[in-house]
Amino acid sequence: MSPTLTTFLFEAANFLVLATILGWFFFKPVRQTLADRRDKLTAQAADVEQKLADAAKKLHDVETAQANLQKDLDSQRTAAINETRTQADQILAKARQKSEQELNANKERISRLSESQQRNLAEASARTAAAAVRALFQTMNLPDFESALIESACRQLKSLPQDGLAPITVESNRDLSEHEREQLLNALGPAANTARFRTKPELVTGVRIATGRGLVDASVAGLTQFASAKLTEEVHRTGNNHHSF
Amino acid sequence: MEFRIFGDPVLFHLGPIPITETMVTSTLVTIALSGAAVWSARTVKSQPLSAMAIVASLLVESFDNLVAEVAGHPHRLVANLSGSLFLFIACCNIAGQLPGVHPATGSLATTSALAVVVFFSVPIAGIYANGLGGYLKHYFQPNPLLMPLHLISEISRTLALAVRLFGNIMSGHLLVALLVALAGFLVPTPIMALDLLIGLLQAYIFAILSTVYIGAAISAGKE
Numbered sequence: 043m044s045p046t047l048t049t050f051l052f053e054a055a056n057f058l059v060l061a062t063i064l065g066w067f068f069f070k071p072v073r074q075t076l077a078d079r080r081d082k083l084t085a086q087a088a089d090v091e092q093k094l095a096d097a098a099k100k101l102h103d104v105e106t107a108q109a110n111l112q113k114d115l116d117s118q119r120t121a122a123i124n125e126t127r128t129q130a131d132q133i134l135a136k137a138r139q140k141s142e143q144e145l146n147a148n149k150e151r152i153s154r155l156s157e158s159q160q161r162n163l164a165e166a167s168a169r170t171a172a173a174a175v176r177a178l179f180q181t182m183n184l185p186d187f188e189s190a191l192i193e194s195a196c197r198q199l200k201s202l203p204q205d206g207l208a209p210i211t212v213e214s215n216r217d218l219s220e221h222e223r224e225q226l227l228n229a230l231g232p233a234a235n236t237a238r239f240r241t242k243p244e245l246v247t248g249v250r251i252a253t254g255r256g257l258v259d260a261s262v263a264g265l266t267q268f269a270s271a272k273l274t275e276e277v278h279r280t281g282n283n284h285h286s287f
Numbered sequence: 555m556e557f558r559i560f561g562d563p564v565l566f567h568l569g570p571i572p573i574t575e576t577m578v579t580s581t582l583v584t585i586a587l588s589g590a591a592v593w594s595a596r597t598v599k600s601q602p603l604s605a606m607a608i609v610a611s612l613l614v615e616s617f618d619n620l621v622a623e624v625a626g627h628p629h630r631l632v633a634n635l636s637g638s639l640f641l642f643i644a645c646c647n648i649a650g651q652l653p654g655v656h657p658a659t660g661s662l663a664t665t666s667a668l669a670v671v672v673f674f675s676v677p678i679a680g681i682y683a684n685g686l687g688g689y690l691k692h693y694f695q696p697n698p699l700l701m702p703l704h705l706i707s708e709i710s711r712t713l714a715l716a717v718r719l720f721g722n723i724m725s726g727h728l729l730v731a732l733l734v735a736l737a738g739f740l741v742p743t744p745i746m747a748l749d750l751l752i753g754l755l756q757a758y759i760f761a762i763l764s765t766v767y768i769g770a771a772i773s774a775g776k777e
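Sequences listed follow chains A and B, in order. Counted from 1, the first sequence has number 165 at position 123 by this note's numbering; the numbering is strictly sequential. Counted from 1, the second sequence has number 618 at position 64 by this note's numbering; the numbering is strictly sequential.
Because the hints were derived from the structure by calculation, they are not lab data. Even for Gly, the Cβ is constructed at its ideal location relative to N, Cα and C. Mixed in with the good hints, there may be bad ones.
[Unchecked claim] As a list, the in silico DSS-like pairs of lysine-lysine whose alpha-carbon atoms are at most 30 Å apart:
id: 1; chain 1: A; residue 1: 70; chain 2: B; residue 2: 599
id: 2; chain 1: B; residue 1: 599; chain 2: A; residue 2: 93
id: 3; chain 1: A; residue 1: 82; chain 2: B; residue 2: 599
id: 4; chain 1: A; residue 1: 70; chain 2: A; residue 2: 149
[To be verified] One-sided and incomplete, this derived list gives chain A residues near chain B with beta-carbon spacing under 10 Å:
id: 5; residue: 47
id: 6; residue: 49
id: 7; residue: 51
id: 8; residue: 53
id: 9; residue: 58
id: 10; residue: 69
id: 11; residue: 72
id: 12; residue: 73
id: 13; residue: 74
id: 14; residue: 79
id: 15; residue: 152
id: 16; residue: 155
Here chain A stands alone, though its shape is the one from the complex (with noise of 0.2 Å):
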């Protein structure tokens, strides 16, 4: 058998069996494991895909929770603001009005401490001057103002209707003398026989004649009595206008 013959048949044979091997034993499990690796991929890459669908999904569904959320967040917030906004309104009303009573009520206090203390400050005032024209009078002992005093209260008697004067009280800081009694006997006309005379040295100078019709009194403490009556009125008067709130 030739050579060449011999090696070209087993060339060809040897390639053949050669190309066999490698089908079976290479490509096919090569090309196996690819199309493996390949579906392998494939399906992670759809498992991906999945998953990040169902992120998306979950993230929109979180992203939509939070902004319900912060929906309602506002909501009770405005509504929180608004409740506390009412209630420091009330609370600052009842502070002003809490304060305008208490401020009404100091006003008052200081009122009432003001007239008292202008009440007491006239009395005293009134007081004092009565007692310094008191003492003046018990000191100076005038003759023609005593006279004249009881000038007066006879004037003031004669003006008087003359019924209806009984009973009649003449007090006077001493004992009148006769011709002072005669003159208000005379000046109480029909009444006089009921005049009964008593001695009150706190009248300091003059008389006072008490009569149905109401009291003449022409005493030197009348007229200081008037006269601090007078000066308390005036100061009161006098004090409400310099202290009105």
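Could you slot chain B onto chain A? The hints should help.
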């Protein structure tokens, strides 16, 4: 160093069958390639990021894509044949760079055997894809008078496949052998590197031409 262009020396006889050096070399290449293929297939599965696995995956996918582009659709058997041709020829050429080893592709018997395999694969693939009538019809197109030219073309391209590979490998090996004999051991190193490159290039050319021929036969009935 022994110079030879045609004819393989017989190493021994196995009964009436003479065993030539080319047969031994190609057998060793087949055994080594089979082992490497099994190992790399396992590596692709167990260690997909290793260099061997990446090269093996790249090789398989490249030939699958090449066949798909040439034939118009994926064809695994054709891809297996093209890949096997490339690997076998490339490994034979690389083995020829080893000292004292005569490349199997440096023998006209080997290249002729490979070309004949391709020659018979072309009508088989064409008939498989298009049927007998569909395949034979393309011999009579565009004009029945051109049928002899079609036959001559198929025979001549098969002859060209065999002679091109044989001529390139034999000439490179012969040149290296001449330089070693004339100038010494290290002088032919650049030529050996160029011979290695030419060997890989010729393996690729043989594989891709085979794919084109088979792909043309597959798509012949669709034209």
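Outcome of the hint check:
1. A:70 / B:599: 12 Å, holds
2. B:599 / A:93: It holds: about 28 Å lies between the C-alpha atoms, which stays within 30 Å.
3. A:82 / B:599: This hinted pair holds, its Cα atoms lying about 13 Å apart.
4. A:70 / A:149: Violated. Residue 70 (chain A) to residue 149 (chain A) sits at ~113 Å, over the 30 Å cutoff.
5. 47: Because about 8 Å separates residue 47 (chain A) from the closest Cβ in chain B, which is inside the 10 Å limit, the hint holds.
6. 49: 4 Å, holds
7. 51: Result: holds, 7 Å to nearest chain B Cβ.
8. 53: 4 Å, holds
9. 58: Holds - the Cβ of residue 58 (chain A) comes within 10 Å of chain B, reaching about 7 Å at its closest.
10. 69: 5 Å, holds
11. 72: 5 Å, holds
12. 73: 6 Å, holds
13. 74: With a minimum Cβ separation of about 9 Å from chain B (threshold 10 Å), the hint on residue 74 (chain A) holds.
14. 79: This interface hint holds because 7 Å falls under the 10 Å limit.
15. 152: At about 101 Å, which exceeds the 10 Å cut-off, the nearest Cβ of chain B leaves the hint on residue 152 (chain A) violated.
16. 155: 105 Å, violated
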